Structure formats: structure tokens, C-alpha cells
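Using the sequences plus the hints, can you model the full thing?
Residue numbers (the numbering used here), protein chains in the order written: chain A, 8 to 300; chain B, 8 to 300.
FYI, nobody ran anything at the bench for these hints, they're computed from the structure. Owing to the predicted nature of the structure, the values given are computational and were not obtained by experimental measurement. One thing to keep in mind: the hints can contain errors.
Because identical chains cannot be distinguished in the list, a pair is counted as satisfied if it fits within a single copy or across any two copies.
As the list claims (entries may be wrong) - Below, a list of computed lysine to any residue pairs in the SDA-like style, where the Cα atoms sit at most 20 Å apart:
| # | residue 1 | residue 2 |
| --- | --- | --- |
| 1 | Lys262 | Glu37 |
| 2 | Lys260 | Glu37 |
| 3 | Lys260 | Ala32 |
| 4 | Lys262 | Ala32 |
| 5 | Lys260 | Gln34 |
| 6 | Lys262 | Gly33 |
| 7 | Lys132 | Pro20 |
| 8 | Lys260 | Asp30 |
| 9 | Lys260 | Glu285 |
| 10 | Lys154 | Asp30 |
| 11 | Lys132 | Ile36 |
| 12 | Lys132 | Pro45 |
| 13 | Lys203 | Asp82 |
| 14 | Lys132 | Asn77 |
| 15 | Lys260 | Leu138 |
| 16 | Lys132 | Gln228 |
| 17 | Lys155 | Arg263 |
| 18 | Lys262 | Asp278 |
There are 2 protein chains.
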Amino acid sequence: MEEFAVRPDPADPRLTERVAGIDQAGQPIETAVPVERPLTLFLNGREIVTMMTVGDYPDCLAVGYLLNQNMLRPDDRITAIEVDEEAEAVIVRTERQTDFEGKLKKKTLTSGCAQGTVFGDVMEKFDTIALDPEAVIHTSWLYALSKKINTTPSLYLEAGAIHGCVLCERDRPLIYMEDVGRHNAIDKIAGYMHLKAISPAGKLFYTTGRLTSEMVIKTVQMGIPILVSRSGFTAWGVALARRANLTLIGRAKGKRFIALAGAERLRFDADPAAADDEPRRVQRKASLDEDAA
Amino acid sequence: MEEFAVRPDPADPRLTERVAGIDQAGQPIETAVPVERPLTLFLNGREIVTMMTVGDYPDCLAVGYLLNQNMLRPDDRITAIEVDEEAEAVIVRTERQTDFEGKLKKKTLTSGCAQGTVFGDVMEKFDTIALDPEAVIHTSWLYALSKKINTTPSLYLEAGAIHGCVLCERDRPLIYMEDVGRHNAIDKIAGYMHLKAISPAGKLFYTTGRLTSEMVIKTVQMGIPILVSRSGFTAWGVALARRANLTLIGRAKGKRFIALAGAERLRFDADPAAADDEPRRVQRKASLDEDAA
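See the structure below:
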């Protein structure tokens, strides 16, 4: 798969808006901000949820959400995905009726951004997933990935206030999705992988968001053995990563990072002192839950 | 009300955990991370939702959540709030039965962090709220608030990966709450204000999180006319702030900020060039959805 097979499109006029205001000197300014719009998801005619999203890849978002909630099993055959832009709706149709009704009864809203629901049986499935024990991550890949991801044009660099998630292989970012909710970004990648039949084998996952229980659960559900973030950890995120044997690397900025689970997959082939500090422009918007997430 | 009448307690052993790992040089390290635990909310014996929270002020979180969801009206008399730590549950009892059942049918999961549900009638109420047109914010207050909030001891400075919200008056931070979900932090303040009968008049609200539609809706629901954030904006957040005549100030770091709604409440009494840059230590954890939120 080629590098950045999917990448953000900051030039898409549907994804950002220009708005006028004033700055600290009282001078008029104009700035770009990301769009946030509702999208209502239906499964076989039944309304599931309304999500707030930047709006790109609604088909991937719908399928990824249903997969990560265990509402769609990997062997369910999808017969249609209909996006109705006017009605702000997406409808996923499957060959057989799914057994999700019972799942709607028991839900947990999570501490992550957006759409954070964990259904009762997600944890049951979690404990049955075996992540690849042979997978490794070289520190040279980690540094190369951070640099490529943070300097490639994105809605984040254009407008701030948006999360990014990236499916990677070795030192190559493959699928880079952004969304106002970080769980949308990860769900969009899960949906894309399912629709294009991309295997999680040999992959690692990069996110700009915090490593909460929900992000760990979704990554494990997707079968990806390594999760990397610029941001920090919660205690339950760390505990779940250890339980699933997921490698959990956080606070990865410039040359620095720490690993709090699965550190045996790390291969130290780069000299941290030689790693670049981050260029100032990748931080220019001061715009994302920067100092608290 | 005194400055920091409520402030974070980073020394509370229930709120952070120390975990071991390794750093970029392969050296063993130990670091603090915030706790994230489930709390199930019941209203008069009916289960409403399970929230992921750091766990302090469960009574305030419960009441604030119910108020901000319009499940509890300001004139509903609360007869008991029972916190069951073992069962990880909080039960709110009211004198009369509430009419929330219908509201459970129509919900929207939002793009913000955590617990983001907006019920159908929230928007109906939104349009009836009149925010104080006389309220003002001096830029000198803004600079003083940012400095006080960002340098006071907090779970954020101790462990990262946590959001803060602060109810303020002029240049004084009054109630500073933190949580792994920023909506929990704002709900805890709403609950505290209700339980202690603190008026929103003359107050402003500071948050570390992004200015999404949900944060704007909650601030307006609380009757607070000015909302300030270190982070960025979404287009719908800006549009709703303009509709409600809320003053919306974002990307407020060091001397810089921009206002995208309600700028007429600003009074420019400080020289931005004289404002401090932020001390490096307030950013030290690199730990919160720093560059994407």
C-alpha cells in the first residue's frame, strides 16, 4: 500500500469555514475553523445514533462505528451504504438482520471525545482477542512517522480543533483520517479497512488523542498490536493495554516518548539525541484541546 | 466568594496512579496518570447512563449532568443524593417524578469528550435563554485568569491527560474542577453551582477544551455570558455562540487570543506585549490531546 493512500484534504470547502473575529489587539482577523455537523446512522432501517462529525467519509464512519460497537460482525455481508446528504443520514443495510437490539439497552458513555459508547459485550470480546506477539516497532519508525504525519497538510494545520488518526506500517503512514471527534477518526479508519479488506497484520496505529480506555478497546478490537499517541494516558487505558498485550506509547513529541505497556515490542535503533525537534508550525494553531484533553 | 474556593487536589491518592514504563532511551521511568473509572447515574431508581470519570465530586457530576440534559428542572427539589462507592453508582432522588423518560428516546452523541448527549428539547430551551448584555470582560482579567489557572497545582500538572473547567468572576478563578471528560468537568461545576445556589450573574467560564457546539450549549444553559478556552473552535460552536449572544474567546495562550462571537463585551485595558509568555512547566506533560482535540 502506498504512503498516504488516504490523506486529509484541507482544500475541501465542505470541511472548514472561514469566520471573522478580532484578536488580542482588537484588530479584525479571519480564521478557518473545522465544520461540525450531525450525521444520523441507521442500520437496516433502525435509527442507531446521531454523531457530530466533520462530514467526510460517512460510509467509512458508519461501518467503522458499527464494527467497533460489535453491532456488525466481520462476516455480516453489507448489501448497501446509502448517504443522504440533505437528510444528514447514512443507512447501512446487511444481508441478514443483525442482533444489535439487545445491545442498545446497556451502554456506557466514555471519557473520550465523541460517540463514546461501549456496549456490554465489547469487553467480553476484548478478552478473546490475541494480538500479534511477533510485531515490533523500531524507534526510527516512530520518529519518521511523527515527522511525516505532523508536517503533511491537514485540517489540523489549516483550522485546528480536530483529531487525527493514522494507520501505519513500519515508517509509512498509510491512511490518515481526521475528525472533530477522535473516535470518529478511528472509526473511519476501521470502516475503511473493512470495506477495502486491509489486514491489521504488521500495522500500528497513531493518534493525536489521549490513550483512554476507549481508544485502547477500539485498537484491540481492530486487531492492531501497537498504539502511539502525542498525548497522555489514563490509568484504565494502561491497565487494559497490559491485559490485552497491546504496546502503548504516549507523550510522543519530538524525540521524547514513554511506553507504559508492551515495551518488549520496542527496538531502539535510533539515537534520540539525533531526532528532530518539532518545527514550530506544526503547533501553530494552539487550537486543539492542547493543554488538557 | 473567595479565590479558588474549589481547586484540584493532586495529592488525593484516589485520583492518580503511578505506573512504571520506559522512556525513549529505554530507561525505566515512573509517571503519574489520572484515574478513569465508571460511575452509573440513577434518577429516582431509573438507570440513566454510565459515565467515565476521574471520580471526585460524584454528587456535583450527577446533578450537573441531569441539569444540563434538562432531565432535572431548576425547580425540582432534590431530596437525596446517594453515592455508593463500591457499586460505582450515584442516585439522585427528587420530590416529584421527573419527565425525563421521553427524553431518553432522542439523543445525539456529540463531538466533545465524554458523556456527550444532547436531547431534543435542549435546543428548544437554548433559544429562550437571554444572556446578560451588560456583562464585560477586561483583557487584563483574561491574562490574570490564564496565569492563575495554569500555574495552580492540578491533576493536569501532576498527571496530564485531563481537562479543566473554571468558573470565574472578574480576574478571580472561583471553582476549578478537572475530569478525564471535559463535559464531566463542566457538569461538575453546574452541579456545584446548583447545590450551593451560586448565580451565573457576573461570571465567566474558562475551559481547556475545544469550543464545540456542546460546550457552547452547556455554557448558555448555565446562563454564563462569556466562554474562554485555550483551545480552538468548531464552526457550529461559533454559529451557536452568535445565535445566543455568547462571547466566545479561544486559542487563549500567553498574550494571544481571538474572539469569534460577542466581541463587543471585550474591554482592551491590557497591553498584549506586556502579557507574560507561559512558563514552560505548565506545558510539561505533553500529555493532553495536545495537538488535536
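Comparing the hints with the structure gives:
1. Only between protomers do Lys262 and Glu37 lie at most 20 Å apart by alpha-carbon distance; the minimum there is 18 Å, versus 34 Å within a single protomer.
2. Taking the closest pair of Cα atoms, Lys260 and Glu37 come within 20 Å of each other only across two copies (18 Å); inside a single copy the shortest separation is 29 Å, beyond that limit.
3. Taking identical chains as interchangeable, the C-alpha atoms of Lys260 and Ala32 lie at most 20 Å apart only when they sit on different chains, with a minimum of 14 Å there against 31 Å within one chain.
4. Within a single copy, Lys262 and Ala32 get their C-alpha atoms only as close as 35 Å, which misses the 20 Å cut-off; across copies the closest is 10 Å, which meets it.
5. Taking the shortest alpha-carbon separations for Lys260 and Gln34, only the inter-copy value of 17 Å comes in at or below 20 Å, while the best intra-copy value is 33 Å.
6. Taking the closest pair of Cα atoms, Lys262 and Gly33 come within 20 Å of each other only across two copies (13 Å); inside a single copy the shortest separation is 38 Å, beyond that limit.
7. Taking the shortest alpha-carbon separations for Lys132 and Pro20, neither the intra-copy value of 40 Å nor the inter-copy value of 32 Å comes in at or below 20 Å.
8. For the identical chains of this complex, Lys260 and Asp30 are inter-copy neighbours only, at 12 Å across copies versus 29 Å inside a copy, given an alpha-carbon limit of 20 Å.
9. Taking the shortest alpha-carbon separations for Lys260 and Glu285, both the intra-copy value of 7 Å and the inter-copy value of 19 Å come in at or below 20 Å.
10. In this homomeric assembly, Lys154 and Asp30 come within 20 Å of each other (Cα to Cα) only across copies, at 19 Å, whereas the closest approach inside a single copy is 30 Å.
11. Proximity of Lys132 and Ile36 under a CA criterion of 20 Å is satisfied in neither setting, with 50 Å inside one chain copy and 32 Å between copies.
12. For the homomeric pair Lys132 and Pro45, the shortest alpha-carbon distance between copies (19 Å) is at most 20 Å, but the shortest distance inside one copy (30 Å) is not.
13. Proximity of Lys203 and Asp82 under a CA criterion of 20 Å is satisfied intra-copy only: 14 Å inside one chain copy versus 54 Å between copies.
14. Taking CA atoms no more than 20 Å apart as the test, Lys132 paired with Asn77 passes inside one copy only; the shortest distance there is 9 Å, against 35 Å between copies.
15. When the C-alpha separation of Lys260 and Leu138 is checked against a cutoff of 20 Å, the pair qualifies neither within a copy, at 26 Å, nor between copies, at 41 Å.
16. Proximity of Lys132 to Gln228 under the C-alpha cut-off of 20 Å is restricted to the intra-copy arrangement: shortest distance 8 Å within a copy versus 39 Å between copies.
17. Taking the shortest Cα distances, Lys155 and Arg263 sit within 20 Å of each other inside one copy (16 Å), while across copies they are farther apart (28 Å).
18. In the homo-oligomer, the alpha carbons of Lys262 and Asp278 lie at most 20 Å apart inside one protomer (9 Å), although the nearest pairing across protomers, at 36 Å, exceeds that limit.
Hints 7, 11 and 15, counting from the list given before, are not met by this structure.
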